[in-house]
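Novice: Got two chains here, separate frames each, mind docking them using the hints?
Top line first, the protein sequences correspond to chains A and B. The C-terminal residue of the first sequence carries number 221 in numbering that gives the first Met the number 0, and the numbering is unbroken. The C-terminal residue of the second sequence carries number 257 in numbering that gives the first Met the number 0, and the numbering is unbroken.
You can take every hint at face value.
Some, not all, of what chain A presents toward chain B, calculated at C-beta under 10 Å: (1) Thr155; (2) Arg156; (3) Met160; (4) Met164; (5) Leu165; (6) Ile167; (7) Pro168; (8) Ile169; (9) Ser170; (10) Ala176; (11) Trp196; (12) Leu199; (13) Ala202; (14) Thr217.
Here chain A is said to cover these stretches of chain B; the calculated rule only asks that three of the stretch's residues, wherever they fall, bring their Cβ under 8 Å from a Cβ of chain A: (15) 152-165; (16) 179-187.
Hint data in this document are derived by calculation from the structure and do not stem from the laboratory. Note that beta-carbon positions come from the ideal geometry of N, C-alpha and C, so glycine has one too.
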Amino acid sequence: MWRKIFVLVKKDLLAEWTSKEILSSTVFFSVLVLMVFNFSFEMVTDRMVAGPGILWTTFLFAGILGMNRLFLTEREDGGIEGLMLCPIDRTTLYIAKWLSLLVILSLTEIATLAVFVVFFNIALQGGLIALVAVIVLGTAGLAALGTTFAAMAVRTRTREMMLPMLLIPISVPLLMAAVKCTAAVLGGATLASVGSWLQLLIAFDVIFIAVGYMTFPTILEE
Amino acid sequence: MASTSPPDPNLETHPSGAMEVDSPVRTSPSPGLIAVAAAAMIASLYAALLYAPTDSFQGNVQRIFYTHVPAALTMYVAVTLIFFASILYLQKRDERWDEVGAAAAEVGALFGTVVMITGPLWARPVWGTWWTWEARLTSTFVLWLIFIAYLMLRAYGGSPEQVARFCAVLGIIGFLDLPIIHFSVIWWRTMHPQPVIMTEEGLGAGLPGSMLATVALGLVAALLLFTVLFRHRLRVERLSRQLLAMRRSLDLSPGEDL
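In isolation and in its complexed conformation, chain B is listed as follows (with noise of 0.2 Å):
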């Protein structure tokens, strides 16, 4: 069960009903998985203050790198899910994706929100700027707009299944715009410290060994955070559909036994 691929929704299937009060449970993470990603995380920790060489440049301040930068990626993979969940969601009209993009956005609107954190605290020692208009920074910054927008669609949008439609379209423009973004904010101007783990000599060739090595290790800590939080919230969209569901059951039949 400590599965730390994403969860395939088809695995958990169950016909929203109102009596299945008890199988959602199989959407909440496995105490395996919660046990992998603490564990991970505590290790990620520990390498990036203790392990990682300190930057000859920056000083202690650069280990916010590691999670900056992994809170960053995650935020991309969240907007991914939500693309794959959207599309999927106007195809089978099946109401589990919609509560897949409902928990991805949920989750990655709060990666988003710590790199929006770490960003400024990490730029005001090295740039002596808290914010500044530069390519990545905008990008990022507005992606997190969408996110946001997401989420005020979701909880003001009408019905639930009207919810669930716009949503869905949504969740496709705002990824179809992420490339034009990027383009858009890389010729506007730029400042942010070109990528060093991908560079064009190869995957890596920017950084010494161990700074890789914990950055890497940030990523997988905090994609293991994002399944284990993602997973908690995809059960938690699913019993309170259920709950209303319920509701909604009582309130047409006030006479029946439950």
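Isolated chain A, as found in the complex (with noise of 0.2 Å):
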């Protein structure tokens, strides 16, 4: 299982970095939706107040585009036909896109917050590892509804808008729990101090990849 998981998620990055489709506009995405916080926000003098929510908003938005982009990619050239025919169990393909996603949405989340720290003057004080610890926390479950509600949409009448229809109320816990996690990192704080809300994000990343892993095969049948 874990060989096919391999070829699978490889297939993935290698179409991605042959074309750059997805990460070219996801990137560009995140600066244009980065500066237009910034105006946003510009009289709010402690930058650390709407930093960690201008972060995960945009982590958000972005993500949306790179899911749908993924998903849409393999229906309209036939590519889940064909790995559908393959002898593959349905679950697999799940946690395989599932880290395609992941490893995409990363990436797209490197960049941001590098123009992040810029634009927004934020000295990392340390806390690197705990943030990158959050953020792969957040982009995990983000990526296990993505992969669910993406594979949806791009079947539905509505293709790409109802992406954002699902994913937005489901993971509302989980954008307060990073955001506060977030909020602790840049803030100085260890992350024991937002324990709980650690605990929260761990368990809707379980919670929503086992839900994931068990229905994708209900929404691939044809």
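Specialist: See below:
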């Protein structure tokens, strides 16, 4: 199973490496969103008040773009039919897509974070590892729901319009937890001070990776 | 027939076939149920407006409580119904469970809308603000948004069979999200009046007896109304599907005499 996952993820990332279709748009879009936020919050003198929320809103918006793209490409070029003819469990396909999405979103977020630090003049005071941990945990949950919902959305009549409507209400608690943890880390506090939020983040990830894993075959039925 | 328990679709079994025109009547609420629901609504209105004592701090505006809280609880009943219907649909692939989900979602969203309208009306005079991002407001609002997303997915999801599968998945995800939303919004910040019906001292200890009786009556009335509307909606859903099946069968064989 792990070999199959590796091959599938490698396929997605190779396709992205040659076309750079997703990353170029998500990263550019992130820069645009950060610029808009910068103007919108110019009067907020303490950037740390709005910073964590701005960061995660940008992650979410750019993430939605990336999720739609990853699944639309698969759908448009008939790639998914090919995959479904392969002797691969549909549940394996879920893990592979989740990992591909996790990698693509993480790369987008690294670029976003760099721009964020510059624009908002953030001093990352040694909490970089904790920040990376929070971002990975948050992104894992977003990608878990994103894989489920994007696979659904691209099959609906409204296509990519459906994804934000499904994803945003469900991921409200994830965003809250991620924002609280990020605010703690950027403010120089330890992750232990937001232990319950961290637990919520982990619980969210575990629950929705499990549900996504179990329900993915249902979504792919034709 | 005047049963107040949630209708069990298994009791209303009939295989979906184009010719079963008269059988769907069984899903509609019986006249007895409608009469009981109407009586409960009137009694609840009487109790809320005349019987219950005027709140010493909030005055008459507190009486919106007797509509607001039962509607909110009914919305949670609806989301639970959708959850179980979703699981049963994915297990048995029986279209009737999808119909239950569809009907419960629409009527549940209606009760959710009642909550979203009565809440600000109550909050404005009591808290001095229409809206605040307080725990239970936020969680109810997010649940209402999930209801709307579910209805959107139903409307634009594609083929009926695909809609059934997708909505079942969303029904499960949405329900599992509720406890997580609950904790997250409580930890975020809170200002809502602390629960008065179920307190640590026991059930109903926070409320005078007459107020508790009124809200209990309101809940019974809301659940009865939900049952009536749910059954009507279920019947409409079933009829519209049969109509669709008939149209399809006619298209497939245009020369056929009906």
